Amino acid sequence: MIMTPGLRKLALTAHVISSVGWLGAVAGFLALAVAGMTSQDVLMVRAAYLAMELTTRFVIVPFAFVSLLTGVVSSLFTRWGLLRYYWVLVKLVITILSTLILLVHTQPIELLAGVATKTTVVGASLQNQQRLMVVASGAALVVLLVLTALSVYKPAGMTPYGWRKQDEQRAGRAA
Amino acid sequence: MRNVFLRRVTKEDTHMADSPSHPDSASSKGFDIRVKHDRRSIRSIPRWVIVFVIIFIILVLMFVILQLTGNGFGSHMHMSTIEAGVYQL
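Taken in sequence, the protein lines are chains A and B. The numbering used here applies: residue 1 is where the first sequence begins, and numbers increase by one. The numbering used here applies: residue 176 is where the second sequence begins, and numbers increase by one.
Some hints here could point you the wrong way.
Computed spacing ranges between beta-carbons, pair by pair [unchecked claim]:
#1 Ile230(B) <-> Thr117(A): 30 to 40 Å
#2 Ser219(B) <-> Tyr153(A): 12 to 22 Å
#3 Ser39(A) <-> Arg218(B): 52 to 62 Å
#4 Ile240(B) <-> Val20(A): 26 to 36 Å
Since the hints were made in silico from the structure, they are not lab data. Remember, it's a predicted structure, so these values are computed and weren't measured experimentally. Beta carbons: idealized from backbone N, C-alpha and C, even for Gly.
Given these sequences and hints, build the entire structure.
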């Protein structure tokens with residue numbers, strides 16, 4: 001089933017907004033993570049980890065799910081299909097993996113925010129978690145940039161499933 | 176890039192439309208081989224996908240090695256463990 005042009009544009013607009021919003025929020029998260037790891041100002045460190053937790057819970061995670069959902073809808077109900085082109089398939093796999101990894105990493109973010117809320121001190125044992133936040137958000141930023149580039153360039157290549165579907169459609173038209 | 180791709184598909188279709196009238200002739204065999212080769216090259220996995228898969232495998236291997244050597248970030252500590260190790264800045 002193919003969407004009407006109006007619906008297609010609506011889904012695409014939601015997908016672009018959520019994907020770019022996700023990218024921007026992760027960039028902001030990275031800045032906070034670097035500030036939390038390097039700053040000597042206790043108040044700055046506390047504020048950074050509290051802001052990171054809020055950003056993750058209310059911006060990054062919702063945007064990730066909306067991006068995944070609108071991406072699936074946009075591809076399923078247009079001529080691109082979900083599994084017909086390699087660039088769509090690669091985007092789908094990367095987005096699912098990124099969302100899963102993001103959900104796994106909400107635990108250390110909450111731990112850091114919890115410590116920042118309850119105490120005025122930062123633990124030496126938190127250094128690993130602080131490093132994790134910087135590395136993970138930096139990696140996430142690179143991945144999201146790659147996803148954006150894939151969406152814009154749409155590199156060529158049809159999957160075996162895509163070729164089979166195209167052959168079926170051609171045969172159907174010829175008959 | 177997609178235009179190039181579409182052009183290649185169109186070219187293939189043109190070849191098929193211009194197929195010779197004598198299927199057993201020598202030129203026909205050469206034509207068939209060429210068409211099969213073109214179709215295989217068009218339908219094979221694109222190079223950029225192979226590069227992506229290789230990068231993905233390298234990243235997974237790096238992650239596994241880091242975990243096995245104890246340098247990974249995966250060891251999420253429990254809250255009480257973290258709070259027990261706090262120090263004054």
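Inset, instruction - Check the following: the C-beta atoms of Ser39(A) and Arg218(B) are separated by a distance inside 52 to 62 Å. - result: holds (54 Å)
Legend entry - Range hint 30 to 40 Å (beta carbons of Ile230(B) and Thr117(A)) holds or violated: The hint (30 to 40 Å, Cβ to Cβ) holds, given that Ile230(B) and Thr117(A) are roughly 39 Å apart.
Legend entry - Ile240(B) versus Val20(A) beta-carbon gap, inside 26 to 36 Å or not: holds (34 Å)
Legend entry - Distance restraint hint 12 to 22 Å, applied to the beta-carbon atoms of Ser219(B) and Tyr153(A): holds (20 Å)
Hint compliance for this structure: every hint is met.
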